[in-house]
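Chemist: These are the residues of each chain, in order.
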Amino acid sequence: DAGITQSPRHKVTETGTPVTLRCHQTENHRYMYWYRQDPGHGLRLIHYSYGVKDTDKGEVSDGYSVSRSKTEDFLLTLESATSSQTSVYFCAISEGTAVLTTFGSGTRLTVV
Amino acid sequence: QKEVEQNSGPLSVPEGAIASLNCTYSDRGSQSFFWYRQYSGKSPELIMFIYSNGDKEDGRFTAQLNKASQYVSLLIRDSQPSDSATYLCAVRAGTASKLTFGTGTRLQVTL
Numbered sequence: 060d061a062g063i064t065q066s067p068r069h070k071v072t073e074t075g076t077p078v079t080l081r082c083h084q085t086e087n088h089r090y091m092y093w094y095r096q097d098p099g100h101g102l103r104l105i106h107y108s109y110g111v112k113d114t115d116k117g118e119v120s121d122g123y124s125v126s127r128s129k130t131e132d133f134l135l136t137l138e139s140a141t142s143s144q145t146s147v148y149f150c151a152i153s154e155g156t157a158v159l160t161t162f163g164s165g166t167r168l169t170v171v
Numbered sequence: 119q120k121e122v123e124q125n126s127g128p129l130s131v132p133e134g135a136i137a138s139l140n141c142t143y144s145d146r147g148s149q150s151f152f153w154y155r156q157y158s159g160k161s162p163e164l165i166m167f168i169y170s171n172g173d174k175e176d177g178r179f180t181a182q183l184n185k186a187s188q189y190v191s192l193l194i195r196d197s198q199p200s201d202s203a204t205y206l207c208a209v210r211a212g213t214a215s216k217l218t219f220g221t222g223t224r225l226q227v228t229l
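Quick mapping for you: the protein sequence lines, in order, are chains A and B. Using the working numbering, the first residue of the first sequence is number 60, and each one after it goes up by one. Using the working numbering, the first residue of the second sequence is number 119, and each one after it goes up by one.
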């Protein structure tokens with residue numbers, strides 16, 4: 060998927076545990092995003108980054124934090140997982156504001 | 119009111135017919151419009167984008183944009199069973215290339 064890799068692809072975790080999802084790109088794109096996809100809601104932006112150490116919140120950021128210490132890596136952390144965070148998480152990258160967004164293969168997270 | 123609205127479908131069309139997928143958006147400052155196709159269990163993939171009013175054609179796909187009516191559509195000519203998927207409309211406004219997505223329309227192309 061255009062040099063973008065998400066890990067893990069699947070994860071089951073227990074309520075209250077911390078979880079970190081990783082997105083790695085080899086495209087040297089400036090912008091990176093985390094979306095979640097749920098039935099009836101479509102894709103919703105959680106957090107995004109516009110450069111190393113530069114991040115901002117999306118529309119559903121509560122309960123999530125992110126970090127970007129290198130251009131190629133964007134981490135999404137669920138500090139204390141809840142069942143409402145069961146979802147498919149997609150990372151995406153884009154080169155700039157006029158350019159298009161490419162998605163990773165997704166991480167299916169189940170919180171039990 | 120959702121910012122980007124799509125009929126969830128399913129939209130069923132026979133093979134060889136034209137499929138018409140529609141999307142409305144609420145932010146008049148929206149600048150760019152995208153159509154993604156998503157097969158079940160897969161990630162979205164970009165198939166069309168349009169920035170200016172009018173039509174934009176790419177093979178069997180035509181995107182149509184009417185900013186005055188805040189309406190964007192996707193036409194798929196000569197529909198094939200392989201076109202069966204969910205089509206997501208996305209709109210970009212403002213900085214950081216953030217996209218706002220509709221919930222998608224599921225298309226079924228029948229034999």
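Think of the hints as simulated: they come from the structure by calculation, not from any bench. Given the structure is predicted, the values throughout are model-derived calculations rather than measurements. There may be inaccurate statements among the hints.
[Said to hold, decoys possible] Below, in silico cross-link-like pairs of lysine-lysine (DSBU-like), each with a Cα-Cα straight-line distance of 30 Å or less:
{"hint": "1", "chain 1": "B", "residue 1": "160", "chain 2": "A", "residue 2": "129"}
{"hint": "2", "chain 1": "A", "residue 1": "70", "chain 2": "A", "residue 2": "116"}
{"hint": "3", "chain 1": "B", "residue 1": "174", "chain 2": "A", "residue 2": "116"}
{"hint": "4", "chain 1": "B", "residue 1": "160", "chain 2": "B", "residue 2": "174"}
{"hint": "5", "chain 1": "B", "residue 1": "185", "chain 2": "B", "residue 2": "174"}
{"hint": "6", "chain 1": "A", "residue 1": "116", "chain 2": "B", "residue 2": "185"}
{"hint": "7", "chain 1": "B", "residue 1": "185", "chain 2": "A", "residue 2": "70"}
[Unchecked claim] Okay, the calculated bits of chain A under chain B, using three or more residues with CB under 8 Å as the criterion:
{"hint": "8", "stretch": "99-111"}
{"hint": "9", "stretch": "159-170"}
In this text, a Cβ means the ideal position worked out from N, Cα and C, and glycines have one as well.
Chemist: All hints, please: hold or fail.
Modeler: We went through each hint and held it up to the structure:
{"no.": "1", "hint": "B:160 x A:129", "result": "holds, 27 Å"}
{"no.": "2", "hint": "A:70 x A:116", "result": "holds, 24 Å"}
{"no.": "3", "hint": "B:174 x A:116", "result": "violated, 33 Å"}
{"no.": "4", "hint": "B:160 x B:174", "result": "holds, 26 Å"}
{"no.": "5", "hint": "B:185 x B:174", "result": "holds, 14 Å"}
{"no.": "6", "hint": "A:116 x B:185", "result": "holds, 28 Å"}
{"no.": "7", "hint": "B:185 x A:70", "result": "violated, 42 Å"}
{"no.": "8", "hint": "99-111", "result": "holds (count 8)"}
{"no.": "9", "hint": "159-170", "result": "holds (count 7)"}
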